[in-house]
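Colleague: What follows is the residue order along each chain.
There are 2 protein chains.
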Amino acid sequence: MAVYFLSFLVCFALRAEAFALEPRLTWQESEISLTRFQVQDVYNYSTLLLSDDNNVLYIGAREVIFAVNSQNISEKKQEAYWKVTEVKNEECSRKGKSKQTECLNYIRVLQPFNESALFVCGTNAFQPVCDILELNSFKLAGKNEDGRGRCPFDPAQSYTSVMVDGDLYSGTSFTFLGSEPIICRNSQHLSYLRTEYAVPWLNEPRFVHADVIRAPENNPDGDDDKVYFFFTEVSVEYEFFNKLLIPRIARVCKSDQGGLRTLQKKWTTFLKARMICHSPENNLIFNVVNDVFILKLREPVIYGVFTSHLNNVGMSAVCSYSLSTVEDVFTKGKYMQSATVEQAHTKWVQFNGEIPKPRPGACINNEAKAMNYTSSLNLPDKTLQFVKDHPLMDDSVAPIGKRPKLVHQNVTYTQIVVDQVTALDGNTYDVMFISTDKGMLHKAVSHDMDMRIIEEIVLFPDHQAIQTLLLSDKQAKRYIYAGSSTEVVQTPVAFCEKLASCAECILTRDPYCAWHKGKNSCVNILAESNTDRLLIQSLNGDSSHCPASSPILFPPPVTSLVSSMASELHPSLSSMPLEVQSSTDSDVLKLLPPFLSDQGQLVQVHATFHLFCHGTGPKDSHFLWEKDGVKMESCAKDAILPLSGGNVHILGWVRDIATKDAEYRCTIETVAGRKSSRVFVRVTGSLNPGWSNELSRWKSAISEHSNIMEGWKKNWV
Amino acid sequence: MAVYFLSFLVCFALRAEAFALEPRLTWQESEISLTRFQVQDVYNYSTLLLSDDNNVLYIGAREVIFAVNSQNISEKKQEAYWKVTEVKNEECSRKGKSKQTECLNYIRVLQPFNESALFVCGTNAFQPVCDILELNSFKLAGKNEDGRGRCPFDPAQSYTSVMVDGDLYSGTSFTFLGSEPIICRNSQHLSYLRTEYAVPWLNEPRFVHADVIRAPENNPDGDDDKVYFFFTEVSVEYEFFNKLLIPRIARVCKSDQGGLRTLQKKWTTFLKARMICHSPENNLIFNVVNDVFILKLREPVIYGVFTSHLNNVGMSAVCSYSLSTVEDVFTKGKYMQSATVEQAHTKWVQFNGEIPKPRPGACINNEAKAMNYTSSLNLPDKTLQFVKDHPLMDDSVAPIGKRPKLVHQNVTYTQIVVDQVTALDGNTYDVMFISTDKGMLHKAVSHDMDMRIIEEIVLFPDHQAIQTLLLSDKQAKRYIYAGSSTEVVQTPVAFCEKLASCAECILTRDPYCAWHKGKNSCVNILAESNTDRLLIQSLNGDSSHCPASSPILFPPPVTSLVSSMASELHPSLSSMPLEVQSSTDSDVLKLLPPFLSDQGQLVQVHATFHLFCHGTGPKDSHFLWEKDGVKMESCAKDAILPLSGGNVHILGWVRDIATKDAEYRCTIETVAGRKSSRVFVRVTGSLNPGWSNELSRWKSAISEHSNIMEGWKKNWV
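Protein chains in written order, with the UniProt record's numbering: chain A, 1 to 717; chain X, 1 to 717.
Just to be clear, a hint being listed does not mean it is correct.
Since the list gives no way to pick one copy over another, a pair counts as held whenever it fits inside one copy or between any two copies.
[What the hints assert, rightly or not] Distance condition first, Cα-Cα at most 25 Å in a straight line; then the derived SDA-like pairs of lysine to any residue:
1. K332 to T659
2. K517 to D211
3. K438 to E281
4. K139 to Q71
5. K402 to D450
6. K332 to H345
7. K95 to K590
Hints listed in this document are in silico derivations from the structure and should not be mistaken for laboratory results.
Only a predicted model underlies this, so the values are computations on that prediction, with no experimental measurement involved.
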């Protein structure tokens with residue numbers, strides 16, 4: 001027995017290594033029943049707004065707005081349909097747009113208007129309109145304001161907006177053709193302001209995010225609240241083989257009122273800068289920003305998810321930026337200027353001349369006020385002309401640590417939200433939730449400079465692209481809401497209670513989770529109070545404080561490997577010799593190890609792989625193989641050998657080619673009954689480098705646990 | 001039986017699909033005993049020169065030059081050691097270079113000097129020298145000429161050279177530090193010429209190739225012979241986040257004598273242009289040229305192998321260019337000019353002013369002669385000053401077909417040579433031999449616009465980078481010579497004789513190979529004469545003309561799959577029912593299908609996979625598993641079931657993690673004997689898209705062969 005156990009330990013190490021490559025904590029739909037919201041024939045659940053105080057989630061979809069219970073989104077509270085008229089639909093389709101898809105009303109803006117109303121806009125068959133949604137009646141006021149500049153014409157166009165003190169700041173396009181990009185403010189009490197329609201200001205932008213950062217109360221500079229816009233646009237400053245995309249951050253000041261003559265009704269505070277997200281070691285350049293989330297701390301942190309359009313690398317990255325770095329670029333950085341070379345070519349270079357005062361693009365701060373400029377309306381023409389001609393900074397915004405926090409292969413990250421958790425060690429951890437275009441949610445934790453994906457959650461098993469992510473960060477019950485083209489799904493931020501043992505609970509290194517000695521279960525620390533003495537948490541994965549009596553299920557029961565581990569640890573199964581009993585002295589029909597469930601694997605797309613099952617049964621035994629519930633006939637084979645007692649030993653195998661993730665099931669069928677085993681085979685494009693962190697984590701876990709295993713061994717021998 | 005056969009056909013289609021992903025014709029070292037040349041303690045076999053008339057291959061290595069039999073390179077004919085003196089070695093190491101490696105004499109130039117001598121240069125401990133090697137005595141003349149400009153100082157530096165009519169044209173660096181790049185001509189009878197030492201001329205170039213293209217006799221323009229240089233350098237014309245590398249073609253005219261005052265002892269004909277190698281569909285940019293081969297036809301074709309330094313994509317590409325496109329750029333294209341912007345920035349833009357006459361950079365052709373300019377020495381100053389300031393063309397050299405001929409993932413192509421074969425259909429095919437940095441040689445054939453890899457040859461099983469490739473294109477016996485840091489290997493251009501059946505011979509679609517009906521074997525057509533009527537060749541893979549009697553081994557016997565196919569087709573094995581006989585009525589000890597050899601697979605690196613074997617034997621039967629000849633103990637398991645006749649059925653399996661290609665062997669051991677089966681499991685980084693061509697080829701082959709199979713079926717049922 002001792003020998004067997006030793007060999008088991010060696011195998012274990014090898015297996016753990018293999019597992020490091022698979023998302024060890026991948027939560028499949030079947031393991032975590034997520035709450036979903038979906039209404040038949042309603043599509044494009046792309047706009048989400050949370051009213052945490054009222055426990056309401058507002059969902060803007062195509063031609064309808066819903067209010068659902070934010071604690072259980074399957075519970076619909078109200079709905080307001082907002083359909084295009086037949087006339088508009090016809091008119092739009094006559095202009096060459098699709099009657100069934102484009103010429104409908106896609107809700108794109110859903111912002112709080114006041115305590116009892118929302119401000120909403122929709123594309124309205126390429127004639128954008130805005131309206132007020134009364135929350136009591138959940139009816140539209142019927143204002144039908146012109147939505148141009150606040151909402152795109154085309155549902156396929158990018159847009160972003162943020163409501164600040166009742167004013168809507170939006171980045172969108174201004175025309176039917178989508179050719180005129182605009183960042184503008186629509187206000188009840190402040191002047192309407194917009195960007196110049198000029199390449200240096202906006203050059204084919206794709207807007208991804210907008211948000212406000214409030215100036216600290218009584219700040220010494222007398223600075224203003226600022227609204228930041230994030231987008232990818234075509235570079236003017238670089239020359240490349242072809243169009244070079246570039247990620248930008250732009251900002252305007254809230255008190256901007258435009259110029260009096262120069263820049264009349266235009267921003268006098270619009271400045272933009274490059275965002276850098278490069279991985280210098282391997283010369284990876286992430287030049288497309290897909291989404292941004294601003295963690296509004298005392299020193300705000302900007303998190304962005306990036307991809308690259310250069311060499312189509314199929315990689316994504318997360319870069320983070322401190323707001324002070326951004327502000328340094330805007331308030332102290334050099335500007336770029338354009339120059340005409342040889343009468344024909346416009347080239348952008350650093351501006352080295354004298355910069356007018358007040359500094360162009362600065363808010364009306366104490367410095368400006370000291371010069372008697374109390375409003376942008378009375379700024380000197382020199383300053384205004386300069387900002388009009390020099391909206392682009394020469395300095396770039398470098399990420400924290402000068403490199404991405406995370407680079408991931410074979411994935412396209414679409415959205416990001418970031419939560420903060422104060423763990424039991426007193427430290428606060430940033431937890432990132434990053435969605436993919438294939439329906440997955442990655443959960444990553446930042447430890448020092450390093451960022452690790454600790455969980456992967458299958459939000460949309462049909463691999464739908466996640467278009468919207470929203471975080472509800474109430475103290476106890478935190479959720480992520482994700483919208484796709486066909487539904488909204490709600491997931492808790494952690495699945496602590498699914499982790500059955502103390503070791504698992506610790507090894508996930510999830511700052512939300514701790515082992516509760518009293519309850520003998522893994523709990524979410526946010527839901528517990530004053531129980532610190534009862535909770536065990538170690539974010540470096542040290543499970544040595546786990547009570548010795550707690551069951552060690554290791555690795556955790558989320559993968560096919562577990563069945564094999566469990567069977568090896570379970571006394572009744574483990575005591576079964578590998579040379580199995582002859583068929584006379586036991587139940588006749590049975591599958592024998594290795595079960596199909598032991599053969600879980602990660603297979604490269606288009607590679608061949610084998611699965612096999614064997615067992616004993618009466619003479620009429622034969623195998624049935626199924627793939628995703630469909631009988632496999634062509635390539636399944638059996639070998640049957642008569643055993644001494646009149647029964648047979650039957651071996652069955654399939655050889656298949658990996659095209660997509662699939663569940664395989666082998667069943668011995670006889671007139672007497674059937675026994676089956678199943679396994680989920682994952683198909684991957686290529687190696688995921690992120691899991692090497694997982695690997696080292698498991699390796700250390702194994703060495704930590706070898707003592708415990710040695711203890712078990714002694715009891716067994 | 002019929003049912004079994006049908007199911008076999010279906011399986012077959014699936015298997016072929018899997019095989020399309022593997023290099024179907026990968027020749028392992030064991031299958032093709034290649035001829036090798038290696039001398040103990042001699043390294044860096046990087047310079048090769050062929051004297052086809054004398055059947056001699058000259059090899060320049062570190063501190064020694066060899067002459068070997070070019071038909072059998074293992075046969076050394078002569079050697080000439082050329083060691084650095086102890087004094088030089090010391091001196092060099094005092095300058096901070098490595099005494100053991102850098103401060104030695106690396107032979108870098110090996111060029112024909114005259115009938116009985118070679119011109120040779122070596123790095124000589126960072127003091128490059130050149131000498132004459134007398135071929136009769138195989139001794140150096142001891143001239144010890146200064147090698148600066150002809151040979152690099154540093155063995156790690158790039159260099160290229162070509163001997164034209166006794167003059168050496170070279171691209172290298174001129175100084176100890178390697179900071180001064182130079183393209184120069186060293187001549188006995190013509191003036192010494194070199195490039196200006198200026199960024200616009202050469203900007204950190206990495207030289208890869210140089211060759212001469214002769215002007216056609218009596219050409220109407222009276223044009224000159226031209227020497228072309230290929231290199232990668234840092235772009236001056238583009239602005240990017242960081243240094244942007246760019247592949248260049250440069251050229252000079254043979255009759256150039258420099259200018260009289262301006263450009264004295266400098267090229268007056270040096271012009272350079274961008275080489276484009278982009279894949280527009282997926283935005284792949286290959287901006288580093290690694291090697292070039294010029295196929296000197298009436299209309300020469302330039303073949304280049306490229307990689308990318310942008311986003312580290314691990315891809316390589318082959319692009320080809322027609323010389324006329326290149327010449328159009330140089331003779332008709334626009335020039336670039338630099339302009340200073342705002343006193344501080346140099347920007348390059350198209351030159352749109354008036355171009356002086358004669359055209360700057362043109363050879364002294366009829367046009368120049370008509371203007372009374374008979375030599376570069378009397379060209380007008382305007383023309384010379386222009387070429388001095390405008391060496392870079394604004395037009396780029398676009399590849400044939402506007403895209404790469406081939407793009408391959410997870411490979412770094414290092415060198416290329418191209419052969420031409422006139423197939424039996426009368427068409428001439430370009431056959432490319434492309435080496436990798438991992439010791440592989442890819443053989444690709446161009447059909448119309450498409451280029452397909454038809455073979456992969458393991459030249460260096462230890463995955464050494466291939467530094468030099470040389471083609472010997474004699475009519476009958478063509479070879480490729482490949483040099484690495486430790487040896488030179490010689491491979492024939494084709495392995496026709498290894499293809500055992502007509503179907504295989506045809507299905508490789510190798511233009512060198514045809515099926516010889518008389519000899520009943522696959523032959524190299526270049527070695528056959530006047531036997532056209534006896535030869536079958538079909539480069540579209542149509543094997544329907546194969547004689548019905550020839551054995552159809554299908555797929556060919558280079559992979560593990562074949563054993564399974566063979567066993568299924570071989571009458572004695574195929575007639576064995578899948579429900580195998582009980583152990584009493586046959587030999588006791590045997591392995592049963594599926595054999596290990598049937599389980600050949602392509603496994604993703606770090607993925608887990610399973611292999612299993614089963615069979616019958618006496619009671620003491622047990623399995624021995626070996627991986628690359630080493631016993632696997634930890635993770636191999638058995639299950640043993642007693643059979644009715646007193647013997648046992650034994651099932652053994654291993655679960656392993658793919659780290660590198662390995663051979664696995666399972667053996668049933670008993671006192672009575674042993675039976676074993678083996679398989680080669682290949683480990684891959686990720687999917688190789690090039691094999692999709694293979695797939696379609698196999699698919700069509702399968703449909704073509706289904707008739708034959710149907711015939712077999714009828715005979716069997």
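Colleague: State for each hint whether it applies.
Modeller: Hints versus structure:
{"no.": "1", "hint": "K332 to T659", "result": "neither (54 Å within a copy, 52 Å between copies)"}
{"no.": "2", "hint": "K517 to D211", "result": "neither (43 Å within a copy, 78 Å between copies)"}
{"no.": "3", "hint": "K438 to E281", "result": "between (28 Å within a copy, 22 Å between copies)"}
{"no.": "4", "hint": "K139 to Q71", "result": "within (23 Å within a copy, 90 Å between copies)"}
{"no.": "5", "hint": "K402 to D450", "result": "within (13 Å within a copy, 43 Å between copies)"}
{"no.": "6", "hint": "K332 to H345", "result": "between (29 Å within a copy, 22 Å between copies)"}
{"no.": "7", "hint": "K95 to K590", "result": "neither (67 Å within a copy, 76 Å between copies)"}
Of the numbered hints stated above, those contradicted by the structure are hints 1, 2, 7, listed in ascending order.
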